[in-house]
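K.L.:
Order-wise, the sequence lines are chains A and B. With my numbering applied, the first sequence has no gaps in its numbers, which climb one by one up to 342 at the end. With my numbering applied, the second sequence has no gaps in its numbers, which climb one by one up to 894 at the end.
Heads up, a few of these hints could be off.
Calculated pairs, BS3-like style, for lysine-lysine (alpha carbon to alpha carbon, straight line, at most 27 Å) [claimed, not checked]: (1) Lys834/B with Lys851/B; (2) Lys851/B with Lys329/A; (3) Lys329/A with Lys784/B; (4) Lys794/B with Lys836/B; (5) Lys852/B with Lys329/A; (6) Lys233/A with Lys838/B; (7) Lys233/A with Lys329/A; (8) Lys838/B with Lys329/A; (9) Lys233/A with Lys836/B; (10) Lys784/B with Lys834/B; (11) Lys784/B with Lys838/B; (12) Lys276/A with Lys799/B; (13) Lys784/B with Lys851/B; (14) Lys233/A with Lys273/A; (15) Lys276/A with Lys838/B; (16) Lys851/B with Lys836/B; (17) Lys794/B with Lys329/A; (18) Lys838/B with Lys273/A; (19) Lys310/A with Lys852/B; (20) Lys273/A with Lys794/B; (21) Lys834/B with Lys852/B; (22) Lys852/B with Lys799/B; (23) Lys273/A with Lys852/B; (24) Lys276/A with Lys851/B; (25) Lys276/A with Lys784/B; (26) Lys784/B with Lys273/A; (27) Lys834/B with Lys329/A; (28) Lys838/B with Lys852/B.
In case anyone wonders, no lab produced these hints; they're calculated from the structure.
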Amino acid sequence: RKEVEQDPGPFNVPEGATVAFNCTYSNSASQSFFWYRQDCRKEPKLLMSVYSSGNEDGRFTAQLNRASQYISLLIRDSKLSDSATYLCVVNMYSSASKIIFGSGTRLSIRP
Amino acid sequence: DVKVTQSSRYLVKRTGEKVFLECVQDMDHENMFWYRQDPGLGLRLIYFSYDVKMKEKGDIPEGYSVSREKKERFSLILESASTNQTSMYLCASSHGDRSYEQYFGPGTRLTVT
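Next up, chain A with everything else stripped away, as it sits in the complex (with noise of 0.2 Å):
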């Protein structure tokens, strides 16, 4: 069983749609975690955080489930822009060594 495990996709979503997706980890001992972007023939950029209670950043929201082992990204009135890979990051031990990627989500945005 692969460590983060996130659905390929693609999701294809109309402009304006709301879209959210999921990432889960199996190991336990995971302390912290992040979504990153991916755009096609670019390099990964930190998107954003993932915390206990959950956090927003304009038109995204990620929540964590650790109850679950699971994580999510919702984007809301999603814009052609957001047309990218989303890449769930999960970080054991708090270790720099120990950070897995997730093989993307592929999100695609139709007008």
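Assemble chain B onto chain A, guided by the hints.
P.N.:
Just chain B, lined up with the frame of chain A:
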């Protein structure tokens, strides 16, 4: 603005050749990383360095070595390139106490024929 640069965007090498991939960061970051990214497998850590001359193996170090002689530079070496090392190689750096906030270079697409 943080900048991580990699020596080549595209590279084609023959099986058995020694390959050097260079990465330079300009933010005085302590940590530097080398990943490879393959479809369906995501980013996999090859090696990590937390200081000059210090390194740790990642998940897939076999067939690779690294060198960090200066803080800003982290090199990945393929001792004898093989076709299964054809991949996108991404370098990243981060502050020592914010290892999760990694800044990536543009990547090197390596093809081994």
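K.L.:
Take the hints in turn and mark each one as holding or not.
P.N.:
Right, here's what the structure says about each hint:
Distance hint between lysine 834/B and lysine 851/B is fulfilled; the C-alpha atoms sit about 8 Å from each other, no more than 27 Å. Between the alpha carbons of lysine 851/B and lysine 329/A the distance comes to roughly 24 Å, so the proposed pair stays at or under 27 Å and holds. About 23 Å separates the Cα atoms of lysine 329/A and lysine 784/B, which keeps this hinted pair within 27 Å; it holds. Pair hint lysine 794/B plus lysine 836/B holds up; C-alpha atoms about 26 Å apart against a cutoff of 27 Å.
Restraint check: the Cα-Cα separation between lysine 852/B and lysine 329/A comes to about 21 Å, which is no more than 27 Å; the hinted pair holds. Note on lysine 233/A and lysine 838/B: the hinted pairing holds, with a Cα-Cα distance of about 19 Å set against a maximum of 27 Å. Taking the CA atoms of lysine 233/A and lysine 329/A, the gap is near 14 Å; set against the 27 Å cutoff, the hint holds. About 11 Å separates the Cα atoms of lysine 838/B and lysine 329/A, which keeps this hinted pair within 27 Å; it holds.
For the hint pairing lysine 233/A with lysine 836/B, the CA-to-CA distance comes to about 25 Å; that is within 27 Å, so the pair holds. Distance check on the hinted pair: lysine 784/B and lysine 834/B sit about 22 Å apart at the alpha-carbon level, within 27 Å; holds. About 24 Å separates the Cα atoms of lysine 784/B and lysine 838/B, which keeps this hinted pair within 27 Å; it holds. Distance restraint check for lysine 276/A and lysine 799/B: the Cα-Cα separation of roughly 30 Å exceeds the 27 Å cut-off, and the hinted pair is therefore not satisfied.
Of the supplied pair hints, the one linking lysine 784/B and lysine 851/B holds, its CA atoms being roughly 16 Å apart against a limit of 27 Å. For the proposed pair lysine 233/A and lysine 273/A, the alpha carbon gap of about 24 Å is at most 27 Å, so the pair holds. Restraint check for lysine 276/A and lysine 838/B: the C-alpha separation of about 23 Å stays at or below 27 Å, so the hint holds. Taking the CA atoms of lysine 851/B and lysine 836/B, the gap is near 13 Å; set against the 27 Å cutoff, the hint holds.
Simply put, lysine 794/B and lysine 329/A have alpha-carbon atoms about 31 Å apart, too far for the 27 Å limit, and the pair is violated. The straight-line distance between the Cα atoms of lysine 838/B and lysine 273/A is roughly 25 Å, inside the 27 Å bound, and the hint therefore holds. Between lysine 310/A and lysine 852/B the alpha-carbon distance is near 40 Å, which puts this suggested pair outside the 27 Å criterion. Taking the CA atoms of lysine 273/A and lysine 794/B, the gap is near 22 Å; set against the 27 Å cutoff, the hint holds.
A C-alpha spacing of about 9 Å is found between lysine 834/B and lysine 852/B, which places the hinted pair at or below 27 Å, so the restraint holds. Distance hint between lysine 852/B and lysine 799/B is fulfilled; the C-alpha atoms sit about 23 Å from each other, no more than 27 Å. Only pairs whose Cα atoms come within 27 Å are accepted, and lysine 273/A paired with lysine 852/B is accepted, the gap being roughly 25 Å. About 25 Å separates the Cα atoms of lysine 276/A and lysine 851/B, which keeps this hinted pair within 27 Å; it holds.
Note on lysine 276/A and lysine 784/B: the hinted pairing holds, with a Cα-Cα distance of about 12 Å set against a maximum of 27 Å. About 14 Å separates the Cα atoms of lysine 784/B and lysine 273/A, which keeps this hinted pair within 27 Å; it holds. Distance check on the hinted pair: lysine 834/B and lysine 329/A sit about 20 Å apart at the alpha-carbon level, within 27 Å; holds. A hinted pair counts as satisfied when its Cα atoms are at most 27 Å apart, and lysine 838/B with lysine 852/B qualifies at roughly 18 Å.
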